[in-house]
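Using the hints provided, position chain B relative to the given structure of chain A.
Each chain, written out:
Protein chains: 2
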Amino acid sequence: MKDYIKADEWKIIEEGFKPELNKISESLCSIGNGHQGQRANFEETYSGETLQGSYMAGVYYPDKTRVGWWKNGYPEYFAKVLNATNWIGIKIWIDGEELDLATSKVSQFSRILNMQEGFLERSFVAKLNSGKEIKVKSQRFVSAKRKEIGAIKYQITPLNFSGKLETELFLDGDIKNEDANYDEKFWEEVDKQATNEVLCLTLKTKKTGFYLTTATTFEVFQEDAALSLETHIISKEKYLSLKTQTELKQNEKTTIYKFASQVTSRDVENADLVSVAKSSLQTAFAEGFESLKKEQAETWAEKWKHADIVIEGDIKAQQGIRFNIFQLDQTYTGTDERLNIGPKGFTGEKYGGSTYWDTEAYCLAFYLATAEPKVAKNLLVYRYKHLQKAIENAQKLGFTNGAALFPMVTMNGEECHNEWEITFEEIHRNGAIARAVFDYVNYTQDKEYLADFGLELLIAIARFWAQRVHFSQPKQKYVMHGVTGPNEYENNINNNWYTNVLAAWCLDYTKETIDFVEKNYPQKYENLALKIDFKAEEIKKWLDISQNMYYPADEKLGIFLQQEGYLDKEQILVADLPQSERPINQKWSWDRILRSCFIKQADTLQGIYLFEDRYDIETIRKNFEFYEPRTVHESSLSPCVHSILASKLGMKEKAYQMYLRTSRLDLDDYNNDTEDGLHITSMAGTWMSVVQGFGGMRVRNGELYFTPYLPQQWKGFSFRIGFKNAWIQIKVSTELISLKNETTQEISLFIYQKNYTLKANQELKIDVKKIEDNIFA
Amino acid sequence: MKDYIKADEWKIIEEGFKPELNKISESLCSIGNGHQGQRANFEETYSGETLQGSYMAGVYYPDKTRVGWWKNGYPEYFAKVLNATNWIGIKIWIDGEELDLATSKVSQFSRILNMQEGFLERSFVAKLNSGKEIKVKSQRFVSAKRKEIGAIKYQITPLNFSGKLETELFLDGDIKNEDANYDEKFWEEVDKQATNEVLCLTLKTKKTGFYLTTATTFEVFQEDAALSLETHIISKEKYLSLKTQTELKQNEKTTIYKFASQVTSRDVENADLVSVAKSSLQTAFAEGFESLKKEQAETWAEKWKHADIVIEGDIKAQQGIRFNIFQLDQTYTGTDERLNIGPKGFTGEKYGGSTYWDTEAYCLAFYLATAEPKVAKNLLVYRYKHLQKAIENAQKLGFTNGAALFPMVTMNGEECHNEWEITFEEIHRNGAIARAVFDYVNYTQDKEYLADFGLELLIAIARFWAQRVHFSQPKQKYVMHGVTGPNEYENNINNNWYTNVLAAWCLDYTKETIDFVEKNYPQKYENLALKIDFKAEEIKKWLDISQNMYYPADEKLGIFLQQEGYLDKEQILVADLPQSERPINQKWSWDRILRSCFIKQADTLQGIYLFEDRYDIETIRKNFEFYEPRTVHESSLSPCVHSILASKLGMKEKAYQMYLRTSRLDLDDYNNDTEDGLHITSMAGTWMSVVQGFGGMRVRNGELYFTPYLPQQWKGFSFRIGFKNAWIQIKVSTELISLKNETTQEISLFIYQKNYTLKANQELKIDVKKIEDNIFA
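Residue numbers (numbering that gives the first Met the number 0), protein chains in the order written: chain A, 0 to 776; chain B, 0 to 776.
The following block holds chain A by itself, in its conformation from the complex (with noise of 0.2 Å):
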């Protein structure tokens, strides 16, 4: 755990430099705008640590895949997140002397990222071996509006000296990822055009065949004068620039900026992205960098609008929430549907693939309450449209008739992970799926999705699980075998209790839509049936299966068993475990891991959190206090789900240190791996402590439900939701709950269980004191 981070409301501050974090910091100033994005590495040239990464969403490449035993059923190819041209570079000489903070004496250093504007500055004074002195101030952002365009403004003052600046902008294309299986590099030249104001690199993958062309062009002034420099155009493979000289005087500023289009063959035609790049590049040119960055303000403050927590009193866990947010819209704007929810964004290399079951289990609440509806279903859609690549994926395991198992990791919708504990076992991402479709439909009440695509999904994914379990002679009951639930520190387990569970509420929820569609839209049914050869007959077995799945249950303790055999192991708890074993994945092996009562993340608790209308509280109560003591939360997926239900339970300190864990996970480096990205997803999680957790909600049928409480550190919070057309700002302070529809739409909700109605525009302020059974005590 690290603890460098400035504490601000809306900004990310490193102050002083720190060569040895630089990694940490990179990740966490990371910038995107869900079409690009890239790590705030420096833009001049820098010797020291660095991950070097600029990401173009939907564009990967499928690199072999590496394996030490090959298991029949493997991927041939892992779809990597490629790193692509970097478009921010701009090499700086004084006097000849290359500035590199590694070898310079550097002071004054800041990066900050600021969030409520959404551009990266960084500032510093360094001192070169020659012993001259330069001020730099620089800012940057990919546009939020354009999403082609990013800007950069650089800006130099010379402290003690007069003297030469030469400056080389670069387009550089010949770069590779860190996690290339063979050393490969993934993208070959296609095209190079160069004048002396304008570059324009054209690259595509291997493969994949994606194209990607950028261009860039730039202005230089001095204090507020445009110079009108020579330019040397240097061109050598995948790599062009621009080199420039100019006269510094003694603290007079030279500003360079830097501006850049990036267009992909997946919006455009091969034929198009020169014109294309080129045009847009003009366009962003002629408005200025200020004007651009006014715009990008402003774009950001409409985001805010929705999407934006405030907490006071609690500086820390107010920074969390919102890099946590701030993060999750650079990712996904949800206005592509063939794109998703990398795990690490534009942040890294690492893990490949862009679509993890972290998408339905965990995003997939944020976007449906501060997004319009549309987001959310676009990630419904890009499920649906790898429907056929899921179904072959079974039959490559085995499973014939339609079943679907969606991959544990994909780009393009084939499965790209290749441990078969995982890939294999790992299947209740298959319900996950489902359960997607069920949340969307309740929240939205867009039942024509289920007849227009819901229902095909949901039959391929029932028709897996009938063929998944089997029925136990010994037990009389439908048995699943060989799998490994959310909790990854088991594997190849019997009755993981949250699978079955969620398999058996996939084939009733798939026959309750069923009947839902007959009855509501019978030719689209009757069109479906006959498309994927659906015979009513196995409906029958669905319900014998969900009426006679098996448990694993300990009645004596009143709990869940996660898996069969579960109390069969030594039962240790974390609290007794040594510091220094910990995390036990960094410190034990595998089988020891394994064999332990250690639990990775919530497993039943999941199950548990999901359907928790269905379990009283003591039953919920006696889990919860079973497993919590059991779990490691070596997964960032894990301490929100803990959150919520400790908020549920009236445990507020536990829910409290839960979501503080959530909510910086990445700023404070927990699990000492942000150097390699952030862990984007379960930042989703850290959305849902708040709001679900501390704020109670959910929705039942289509209704909405809040029971707040507000955390003793806090002196309030507040957030907004989206739902049903109409716009609601949840105000949570020591004595008053207050409810704002900020919208002319009518709107129903419930607070502890009490029915209110809003006009519009209505605000309705609520006496803590006199709700009962609250949990504010």
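Hints should not be assumed to be uniformly reliable.
Claimed, not checked - Using 25 Å as the maximum straight-line C-alpha spacing, the simulated DSS-like pairs for lysine-lysine come out as follows:
no.: 1; chain 1: B; residue 1: 70; chain 2: A; residue 2: 349
no.: 2; chain 1: B; residue 1: 70; chain 2: A; residue 2: 70
no.: 3; chain 1: A; residue 1: 63; chain 2: B; residue 2: 586
no.: 4; chain 1: A; residue 1: 586; chain 2: B; residue 2: 395
no.: 5; chain 1: B; residue 1: 586; chain 2: A; residue 2: 184
no.: 6; chain 1: A; residue 1: 621; chain 2: A; residue 2: 653
no.: 7; chain 1: A; residue 1: 476; chain 2: B; residue 2: 474
no.: 8; chain 1: A; residue 1: 163; chain 2: A; residue 2: 152
no.: 9; chain 1: A; residue 1: 388; chain 2: B; residue 2: 586
no.: 10; chain 1: A; residue 1: 621; chain 2: B; residue 2: 474
no.: 11; chain 1: B; residue 1: 476; chain 2: A; residue 2: 474
no.: 12; chain 1: A; residue 1: 586; chain 2: B; residue 2: 70
no.: 13; chain 1: B; residue 1: 476; chain 2: A; residue 2: 555
no.: 14; chain 1: A; residue 1: 476; chain 2: B; residue 2: 555
no.: 15; chain 1: B; residue 1: 474; chain 2: A; residue 2: 555
no.: 16; chain 1: A; residue 1: 302; chain 2: A; residue 2: 10
no.: 17; chain 1: B; residue 1: 474; chain 2: A; residue 2: 63
no.: 18; chain 1: B; residue 1: 304; chain 2: B; residue 2: 730
no.: 19; chain 1: B; residue 1: 63; chain 2: A; residue 2: 63
no.: 20; chain 1: B; residue 1: 63; chain 2: A; residue 2: 184
no.: 21; chain 1: B; residue 1: 63; chain 2: A; residue 2: 586
Stated by the list, open to error - Short derived list, chain B residues pointing at chain A, Cβ under 8 Å:
no.: 22; residue: 65
no.: 23; residue: 225
no.: 24; residue: 395
no.: 25; residue: 399
no.: 26; residue: 424
no.: 27; residue: 466
no.: 28; residue: 469
no.: 29; residue: 481
no.: 30; residue: 564
no.: 31; residue: 566
no.: 32; residue: 588
no.: 33; residue: 590
no.: 34; residue: 594
no.: 35; residue: 596
no.: 36; residue: 728
Unchecked claim - These stretches of chain A come out as covered by chain B in the derived footprint (C-beta under 8 Å, 3 or more residues):
no.: 37; stretch: 559-573
no.: 38; stretch: 591-597
Honestly, the hints are just simulated from the structure, not real lab data.
Heads up, the beta-carbon is just placed ideally off N, CA and C, and yes, glycines get one too.
Just chain B now, with coordinates in the frame of chain A:
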């Protein structure tokens, strides 16, 4: 399955040129002498499909481990069996046209492994593209008497022309392993010396620094006259050759003799390598090919005298058993305690490492009975010398107090396998190593071994088991979680019956051995206890475990359960599995294999085989009848155990089927993988099937028992056993069991529970009809 090897009692015969089967034949006809060996590659250039392989015992390379997903505790390096200098090469040009069977018209081709005399022979007629026809006959062997020496006789006769013959006799060290993880070459050149008569090439391995010096010389005869030829030296990186030319006359034989000596730094100081190689080469050369070949035949005759098994009336069975014995004796001679029995011997590079649990569980019995006691003892000492590394290996996995976990695969004592489900979980290997101590002492009565080596190893293993189990509260028994049993088609299971039984036995046997050594070798005991900090209290815990171990069983079926919950699986029999889905390890995904009830190899039955005297015949029968129909035998180590138990149960037809499967596994390419090399270690299982199965041989408390019977398909069979300084021949025919003491040492033994004493050179004939309760009927 293939069936192209011609049946013959003493030879492996390939007739007709079959390029598509070449790699299989290269494996089958491999030659070796325990020190070096090679695949039956052609001497001349061959541009068709081939796996080139020449190997030196104990010379390995630690190839950097390749893995998809790293787990703590994985070894950094994997010890690879190294392809070494190719000394057999003789390039042939006829009037400038190179001989290459892939581009010639080949007739009258045969490749024969002469097992009786220990050499490889090949002959063919090749019609070159020019239309010129030559007849070639080559013979080759590596000397069983002089471990450094190999020799070739290569005869060429022009059939339809006279013309120019050019030859290039080479040493090629610029070779690589096909299984190199990073396409790296493992050898570096150290020294090259060339005269017009002798070439001498010294290489060393990277990292491990093994030196290998290969010296070669030659002579050429036409008809019976030695030629004095001009030679031209060619020297390249890691390559030396001598080029010569001469005139061929139609229908006149030209004979090239090539001799090589291979010496490694394992046996000789680096400084002496060249001189030792040259002098042993010189001696062999002076002896001459025909004389060396005669010596080879004599040496093999001596080996066969003890090891041969004669089968009458079933030529395929006869060929099979001799092939197995021959390959075992080619692989391991027991003269070097640093060596072990590689799973592919000198026949391929696959699997790496040299030592698996196969050695103790399958091979030891063969060497105990057919070789001097020191041969088997060396196999035990080998493990003893690795004890410290096994303790370190266990420490890496979190064990303390001198507990040892021997590696799954090793060359130098370090683990070099890296699938967690095998490396970390397939811990029954520890039990096999302890059991080998028991078997050796039981057979040889060399009880001092226990005091000198055995006990220290047993205590380290007992300490491992004591930590590896834990007490289950629900079961009130000791349980062992997270293991993989011999049946590798189950991973991460709880309470594998075999492993639990073996672990408890280890604890008891260690206790018993402590008592024995303490009483009989008190000083040695005291020294040992001091050395390993052993306290008698440890024993109490061990006995508590062994007395309260959990053994899964099903009372109704009267069987032991392979693991907890086995009956919960869907119960299908192999007979009901479509042939198109077999072998399941090639047709099914891993999760499906794991979920199925199908068994890769004997598991529960392996335990019953080990401890058969504990169980009544009905229990054994019930388990056999339950498990055998569920076993797919996709490990080469499976059929032999089934064959032995079937013999015990009087299931003669089953025993014979299983015998055939193990004995001709490679000859008939059952598993479609002979081309990678032979399954050397499982060949010992074939021997066991005959001697322990059909012969019913057992050693109980140092006494020898037989319950022989004759398979219906045979007219008779006989084998020899070395026991307590006597050699006994056992002959079984339709009417008689004949026992012959071939030594002057009196020997006592039991036939069908009846005790007989055989005086010096005595022969005893027992009429099978007079044996009560025999299974001849």
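Hints, one by one, checked against the model:
A hinted pair counts as satisfied when its Cα atoms are at most 25 Å apart, and residue 70(B) with residue 349(A) qualifies at roughly 17 Å. Of the pairs offered as hints, the one joining residue 70(B) and residue 70(A) holds, with about 17 Å between alpha carbons and a cut-off of 25 Å not exceeded. Among the hinted pairs, residue 63(A) with residue 586(B) is consistent with the structure: their alpha-carbon atoms are about 22 Å apart, no more than 25 Å. Proximity of residue 586(A) to residue 395(B) is assessed by CA-CA distance (about 10 Å); at most 25 Å being required, the pair is judged to hold.
Pair hint residue 586(B) plus residue 184(A) does not hold up; C-alpha atoms about 34 Å apart against a cutoff of 25 Å. Straight-line distance between C-alpha atoms of residue 621(A) and residue 653(A) comes to about 15 Å, which keeps the hinted pair within the 25 Å bound. The straight-line distance between the Cα atoms of residue 476(A) and residue 474(B) is roughly 23 Å, inside the 25 Å bound, and the hint therefore holds. Note on residue 163(A) and residue 152(A): the hinted pairing holds, with a Cα-Cα distance of about 20 Å set against a maximum of 25 Å.
Simply put, residue 388(A) and residue 586(B) have alpha-carbon atoms about 20 Å apart, close enough for the 25 Å limit, and the pair holds. Of the supplied pair hints, the one linking residue 621(A) and residue 474(B) holds, its CA atoms being roughly 23 Å apart against a limit of 25 Å. Pair hint residue 476(B) plus residue 474(A) holds up; C-alpha atoms about 23 Å apart against a cutoff of 25 Å. With a C-alpha separation of about 10 Å, the suggested pair residue 586(A) and residue 70(B) falls inside the 25 Å cut-off, and the hint holds.
Pair hint residue 476(B) plus residue 555(A) holds up; C-alpha atoms about 20 Å apart against a cutoff of 25 Å. Between residue 476(A) and residue 555(B), the direct Cα distance comes to roughly 20 Å. Compliance with the 25 Å bound is thereby established for this hinted pair. Distance hint between residue 474(B) and residue 555(A) is fulfilled; the C-alpha atoms sit about 15 Å from each other, no more than 25 Å. For the proposed pair residue 302(A) and residue 10(A), the alpha carbon gap of about 16 Å is at most 25 Å, so the pair holds.
Among the hinted pairs, residue 474(B) with residue 63(A) is inconsistent with the structure: their alpha-carbon atoms are about 47 Å apart, more than 25 Å. A C-alpha spacing of about 14 Å is found between residue 304(B) and residue 730(B), which places the hinted pair at or below 25 Å, so the restraint holds. A C-alpha spacing of about 19 Å is found between residue 63(B) and residue 63(A), which places the hinted pair at or below 25 Å, so the restraint holds. Restraint check for residue 63(B) and residue 184(A): satisfied, since their Cα atoms lie roughly 22 Å apart, inside the 25 Å limit.
For the proposed pair residue 63(B) and residue 586(A), the alpha carbon gap of about 22 Å is at most 25 Å, so the pair holds. At about 6 Å, the closest approach between the beta carbon of residue 65(B) and any beta carbon in chain A falls short of 8 Å, and the interface hint on this residue holds. Hint on residue 225(B) is violated. Least Cβ distance to chain A is approximately 54 Å, over the 8 Å limit. Taking 8 Å as the C-beta contact cut-off toward chain A, the hint placing residue 395(B) at the interface holds, the least distance being around 7 Å.
Interface restraint check: residue 399(B) against chain A, minimum CB-CB distance 12 Å, threshold 8 Å, status violated. Because the closest C-beta pair between residue 424(B) and chain A is about 6 Å apart, less than 8 Å, the hint holds. Interface restraint check for residue 466(B): the shortest CB-CB distance to chain A comes to about 11 Å, outside 8 Å, so the restraint is violated. For residue 469(B), the shortest C-beta to C-beta distance to chain A is roughly 4 Å, which falls under 8 Å, so the interface hint holds.
This hint holds: residue 481(B) has a C-beta 4 Å from the nearest C-beta of chain A, less than the 8 Å allowed. This hint holds: residue 564(B) has a C-beta 6 Å from the nearest C-beta of chain A, less than the 8 Å allowed. With a least beta-carbon distance of about 5 Å to chain A, the hint placing residue 566(B) at the interface is held under the 8 Å criterion. Using the Cβ-Cβ criterion of 8 Å, the hint placing residue 588(B) at the interface with chain A is satisfied: the shortest such distance is roughly 3 Å.
Because the smallest distance between the Cβ of residue 590(B) and any Cβ of chain A comes to about 4 Å, under 8 Å, the interface hint for this residue holds. Annotation: interface hint on residue 594(B) holds; nearest CB of chain A at approximately 4 Å, less than 8 Å. Restraint check, residue 596(B) versus chain A: the minimum CB separation of about 10 Å is more than 8 Å; hint violated. Checking residue 728(B) against chain A: minimum C-beta separation of about 45 Å lies over 8 Å; hint violated.
Taking a C-beta to C-beta cut-off of 8 Å, the stretch 559-573 of chain A contributes 7 residues in contact with chain B, enough for the three needed, and the coverage statement holds. With 3 residues having a Cβ less than 8 Å from any Cβ of chain B, the stretch 591-597 of chain A passes the three-residue criterion, so the hint holds.
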